[in-house]
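Asks: For reference, the chains in residue letters:
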Amino acid sequence: MQTHQFDVVIVGAGGAGMRAALESSGRTRTAVISKLYPTRSHTGAAQGGMCAALGNVEDDNPEWHTFDTVKGGDYLVDQDAATIMANEAIDAVLDLERMGLPFNRTPEGRIDQRRFGGHTRNHGEAAVRRACYAADRTGHMILQTLYQQCVKQEVAFFNEFYCLDLLLDHDLSSGEVSDGQEVRVAGVVAYELATGEIHVFRAKSVVLATGGAGKIYKTTSNAHTLTGDGMAIAYRRGLPLEDMEFFQFHPTGLAGLGILLSEAARGEGGILRNADGERFMERYAPTIKDLAPRDIVARSMANEVREGRGAGPNKDYVLLDLTHLDPAHIDAKLPDITEFARTYLGIEPYTEPVPVYPTAHYAMGGVPTNVEGEVLRNTTDVVRGLYAAGEVACVSVHGSNRLGTNSLLDINVFGKRAGISAAEFAATAPWVDLPENPSSLVVDELEEMRARPQGERISDIRRELQQTMDTNAQVFRTAESLTTCLADVRALRERYSRASVQDKGRAFNTDLLEALELGFLIDIAEVVVVGALNRRESRGGHFREDYPNRDDAGFMEHTMAYRRPAGTVVDSPAAPAPAGEEIPDPAPGELAVVLGTKPVVTTVYQPMERKY
Amino acid sequence: MTAVAERSAAAEPKAGEIPSFDVTLKIRRYTPETHGDEPYWEEHTVTAHGTDRLLDALHKIKWEIDGSLTFRRSCAHGVCGSDAMRINGRNRLACKALLKDLNPDKPITVEPIKGLPVIKDLVVDMEPFFASYREIMPFLITSGTEPSRERIQSPEQRARFDDTTKCILCAACTSSCPVFWTDGQYFGPAAIVNAHRFIFDSRDEGGAARLEILNDKEGVWRCRTTFNCTEACPRGIEVTKAIQEVKRAMITRAF
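Which chain is which? The protein sequence lines are A and B, in order. First residue of the first sequence: 1, per UniProt numbering; consecutive thereafter. First residue of the second sequence: 1, per UniProt numbering; consecutive thereafter.
Keep in mind that the hints are not guaranteed to be accurate.
As the list claims (entries may be wrong) - A short list of chain B residues far from chain A (calculated; beta carbon distances all over 12 Å):
hint : residue
1    : 39
2    : 41
3    : 43
4    : 49
5    : 71
6    : 88
7    : 100
8    : 147
9    : 166
10   : 182
11   : 194
12   : 241
What the hints assert, rightly or not - No more than 30 Å apart at the CA atoms, straight line, and that leaves these computed lysine-lysine pairs for DSS-like:
hint : chain 1 : residue 1 : chain 2 : residue 2
13   : A       : 218       : B       : 100
14   : B       : 217       : A       : 152
15   : A       : 504       : B       : 247
16   : B       : 217       : B       : 60
17   : B       : 247       : A       : 315
18   : B       : 60        : A       : 152
19   : B       : 26        : A       : 315
20   : B       : 60        : A       : 504
21   : B       : 247       : A       : 218
22   : B       : 114       : B       : 217
23   : B       : 114       : A       : 218
24   : B       : 26        : A       : 504
25   : A       : 152       : B       : 100
Simulated from the structure, these hints should not be mistaken for laboratory data. Just so it is clear, CB atoms sit at the ideal spot from N, CA and C, and this is done for glycine as well.
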């Protein structure tokens, strides 16, 4: 085992992690640990753009952007955070340009902007050109640019190090730490993939920037490596997860594969059609049609298929039609996604419509933070020195449905804020002692998994987990489907406790790491499903067929999920479920997902009916 | 007769059903912890579907046959650059190589990319590759006061270096280069591509310094224009052309 000491340790080297590192490493001794080489991070897969009310091509202002974000999130957005994000968006884009990001340009040489779903002029009048972009590889350019700046600043990276535990100075999972008591972070424990060695990083500040958890689903735009590690290790250490039932399904995944085709395709004029060639979004969102927010478009598509108007031999997808666009325009603005259609489906988008269907894309929920990036351990108390930013976090700027481009914005605005906060805290805070045997939990888990006699395959359990989540907890949900799903997830956890790996070696043992990642996925899936069962309403990305309406009186509040002994009373507990709708208890001896709530911050915008 | 008719009907794929086929992978493995210090070949046959990529077949082997088979991967659609490998003797990304395009009638050979030390199976040590990248100062260099808005750049100026902004640092080009195979000190195509991306960016002022670095004996002059790099690039970058443009800039000092 090796021990390292840094003022700030950032976990994750995607957009949020590297943006934080650029702030932190200039101010104090900083390390970034990442399970991938930084340029492999999934920020690089983001395509369409990053919104900011620059007003370079038409009139725009941050207040309109804030409103769109709040309405897009179906009013579950914390409005103070959304205001900050929209206001700081302009500097976030200009920062990137000054770092060298090659944005597309207007004829005058300014940053060009284009339309994107849910982004409108003057509170919904019409779609507005707000997304700054670099063809359909904006995320790639952001990731490369931030990495370039990290090279310039000589940021210390620990690449292919898996962070497997978070060290705090109190055991929050016992439920016995009272509100108001100071809790500090002490560091993290990581596993070096190349050697199998354990590294303990002692730190005054830790920033979680580990990204999402899309691999709880089978059909997803997410990378194989997006297994919710940061969410799960925080949750296992007793920190709450906020609003996890809200998962975004991106409308245009390549049918059957889930590979993302950017909303920019529709921003540039692409049209969704059903088997009859009908532009069906005219029926669901008469004003902005194909550029309605993603939850609405995804649901509309799924509904077309469900009602028998799907295209293809099995009528199980709809069509993204770009054939009316000039091929030169497609090449200039959408080169990558059209190549995906050619490579993976053999479809020529110049002349043929592309088969698409919703794909699991983005976790709106995550580790709760305030606007400075500090992680909350209940509705009000922060863990001192612990920060989170990006998809792993929930600020909450996305509410129950994120608008396209707002994730690239989120990582830049709140990554920067978290990096500054972490460095400033570390500058004055005293060191906290590491707990005794800081790596014992991780070492025990790894060795137990490695030593297990021959058992079931990890991949079989993972496949079944992803299948039940796709079948029962996707775009349309009911109490029945979710109850089935919860029983499945818990049965899979039991099987997981007896599963084994085949590779028993030390060097580059990805078999072993996939096993640990599955443990994270199971925990996250359970939180998603329990939250979805409890939220007996439909809002944003969470649609309950048995409760098809939004219920502001009952559910205008964030969900906070805590891992605690069953029956523990948490801060602001969730109202008990009505008779017959109780959430089934876990198996005896297992910790439960105990639900609490957190108020939504409403400053200016009162909830209204959400029409587009 | 009836039985025959039924069989032929069953063999006919149903409408919309994706045809499946068997494919054999011949994989060059290196697992010193269990199989000694010499690499060895191992064959596995798996059933694949029409849209499956080589990465799917590798996963099938790892997940259903032998969990110790080791390779890098992440995004699985050609943008993260993790899974460059040598497939039937050509450098490609496993997630962009469709099995049906690889002639599944014969075993498909899969090897780690060449010229970098192999750690285990298909995983190589990427550090020397990234070290070359870092040496060419891959970041925007400017002087004077930062403008309060964006720097102005015309669409034509932006288009000048568009091709080389697409690089995902997968090392398919560099590890396909015969010069790099025999001389690991050579910067290699990827580093030059990334230098090109800045040298021809109208906002950048570090071009002269980068050209000085690449004028080194291990710099651009080692390129022998075999075009392996251009063929290998999964992003379709005209790598050899970029290298030639850097050479020309070095002579003319015009960029």
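Asks: Please list, smallest to largest, the hint numbers that this structure does not respect.
Replies: Hints 4, 5, 7, 8, 9, 11, 15, 16, 17, 18, 19, 21, 23, 25 are the ones this structure does not satisfy, whereas the remaining hints hold.
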